[in-house]
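Colleague: Each chain, letter by letter, is given below.
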Amino acid sequence: MSRPPAVRIEERLILAMGGGGFTMEPNNPLLDDYVLSLTRRTEPRILFLPTASGDTTAQINAFKARFAHRTCVAEHVSLFRMRESTRSLEEIVFAQDIVYAGGGSMRNLLAIWQAHGLDTLLLDAWKSGIVLAGLSAGAMCWFQAGVTRSSGPPEALAGLGLLEGSLTVHADGEPERLPVWLAGVRSGELPGGWALDDGVGLLFRGKRLDRAVSSRPGAGAQRVDAIAGELVRTRLEPELLLGDGPARALGGLDEAVEELRRVHRLRRGIGRGGN
Amino acid sequence: MPSRAPQIVALGGGGFSTERDGTLLDDYVLSLVGADRPRVCFLPTASGDADHYVVRFYRRFSPGCEASHVSLFRRDQGTGGLEDDLATHLLSQDLIYVGGGNVLSMLGAWRAHGLDAILRKAWRRGIVLCGPSAGSLCWFEQALSAFHGAPRPVRGLGLLPYSNCVHYDAEPARRAEYHRAVAEGMCGGFAADDGVALHFRGTSLAHAVSSRANGCAYEVRADAGKVAERSLEVSYLGDPPTAEPKRREPALGCAARTPARAAHERVAV
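Protein chains in written order, with the working numbering: chain A, 1 to 275; chain B, 1 to 269.
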């Protein structure tokens, strides 16, 4: 099949969330609306990969509930129940504007993607300008490394390495990951990186951090590096997302698109919601 | 632990996974174990550890067995501590029952958790390994997986030096796909209908048994560039043939079950 050509590196977008979105914030659509705003399409095609959960019905239903009535074309792909599909994974992936990876076991996610060749497909998708997004395991997987509880206790695990550095998630909700991550960064086992609270998303353009956003007040993030064996921490101040805001800030979007989104949001009475 | 011969029971489909009313295949597998209250561990990996599948396993096996399961997706939730040491737990079983689903996803997850090595060790120690569908394909050198897109050969754990094809009667195109794969270089092997189990001792096929009177199994191999298929003798596990002689006939007459199939069997690809 023919694939879209590669785009310039600054047009390659990844949104990595420390938690949040439809699986974790059923009453707060801010991060998910932000994900949709990251493409130039009026009606973006979004693919959900629930692999890290083992394709649980709960995650798939939550995805449908969140996106079915938004201005997008939503579908999911199951790597456990694909018998009905006649399209190849390549065809499915390259038909998208956004690929959104869910949370769960990072170890299983990577192993299963690799078994199906989806790791290389997603790398190519990113290079061709398809937006990659995800939370938790579905966020850490894009980095050089993450901290996973896939085998029980938290431990460092190498990711796909599309983004430099390490990521640890649920910094507020599952604080037991933090000491493992900090020790890894201090010892050099892990590269420096970011710790994200639930509800915080980091937007990368190419490999560069472009923006930190959040779906709730008080949610934070920090950058940590080891310099001469000492940990140097820098707090990030994520911008609180507002229903109408994110598309404009990104630039490049048709005003009519924003208008359309605004109308859709108003009609459903969302966009002002908090937690 | 006394050394026992390695045994694998590879189901073309059936058992508690899909046969609601029958226990013939699962009873056959349990009969190989030789323990009053066998320790049976379920691996539902190929289904993504689907809850409903785990529940059905316990419903079937907890009455007569020490039943447990290992989830590779919920290890962070530490179910009862048994997953702290996968190897110790699995190597203390009498039977490891692998569920159906996607064989590629399952093998990937197994490798990531070191289960491939543990299962190889379990097999050598004589712990009986069994399962339908993906739980059959995984034990072989190669297998035909038709999970997404066109069917294609996948590499299994290689405990059995053959290829495997399951649900052989379930989809009309399955036979031609398997023959094509063997013609194109996949190693020769065994195909089983739904409800048929291939029982291997060591790496030799010892028996083919069926929960259905008309269940069939075949050996398929490439001979001088042509694919040859041979019907295997399949023992029906239900009522004794003498009690109902009519039910015996199809079991022994696989090749002639329908004209279409019979014709196809003579076709060399």
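Worth double-checking, as some hints may not be accurate.
To be verified - Derived CB-CB ranges, DEER-like:
(1) T57(A) / A224(B): 27 to 33 Å
(2) P153(A) / S92(B): 18 to 24 Å
(3) D116(B) / T57(A): 54 to 60 Å
(4) V73(A) / S62(B): 42 to 48 Å
(5) G152(A) / G126(B): 37 to 43 Å
(6) P191(A) / R180(B): 29 to 35 Å
Stated by the list, open to error - If you want the footprint, here are the derived chain A segments under chain B, 3+ residues with CB under 8 Å:
(7) 54-61
(8) 139-152
(9) 181-194
What the hints assert, rightly or not - Residues of chain A clear of chain B, computed beta-carbon distances all greater than 10 Å:
(10) R41
(11) L79
(12) G161
(13) A226
(14) E230
Source of the hints: derived by calculation from the structure; they are not laboratory data.
All residues carry an ideal CB built from backbone N, CA and C; glycine is no exception.
Colleague: Indicate, hint by hint, whether the structure satisfies it.
Modeller: Here's how the hints hold up against the structure:
In this structure the supplied range 27 to 33 Å is violated for T57(A) paired with A224(B), their Cβ-Cβ distance being about 50 Å. For the hinted restraint 18 to 24 Å between P153(A) and S92(B), the CB-CB distance of approximately 22 Å keeps it satisfied. A hinted range of 54 to 60 Å for the beta carbons of D116(B) and T57(A) is inconsistent with their spacing of about 28 Å. Hint check: V73(A) to S62(B), Cβ distance near 45 Å, so the stated range 42 to 48 Å holds.
Checking the proposed 37 to 43 Å range against G152(A) and G126(B) shows it is violated: the Cβ atoms sit about 29 Å from each other. At roughly 47 Å, the beta-carbon separation of P191(A) and R180(B) lies outside the given 29 to 35 Å, and the hint is violated. Figure legend: the stretch 54-61 of chain A, annotated as covered by chain B; annotation consistent (3 residues with Cβ-Cβ distances under 8 Å, at least 3 required). Look at the stretch 139-152 of chain A against chain B: 4 of its residues bring a Cβ nearer than 8 Å to a Cβ of that chain, three or more, so the hint holds.
Chain B is given as covering the stretch 181-194 of chain A, and this is violated because 0 residues of the stretch bring a CB closer than 8 Å to a CB of that chain, at least three being needed. Annotated as non-interface, R41(A) keeps its C-beta farther than 10 Å from every C-beta of chain B; the closest such distance is 26 Å. Chain B draws L79(A) into its interface by the beta-carbon criterion, the shortest separation being 5 Å against a cut-off of 10 Å. The claim that G161(A) is not at the interface with chain B holds, since no C-beta of that chain comes within 10 Å of its own (minimum 17 Å).
Every C-beta of chain B lies more than 10 Å from that of A226(A), the closest at about 27 Å, which supports listing it as non-interface. The non-interface label for E230(A) is consistent with chain B: the shortest C-beta to C-beta separation is roughly 31 Å, beyond 10 Å.
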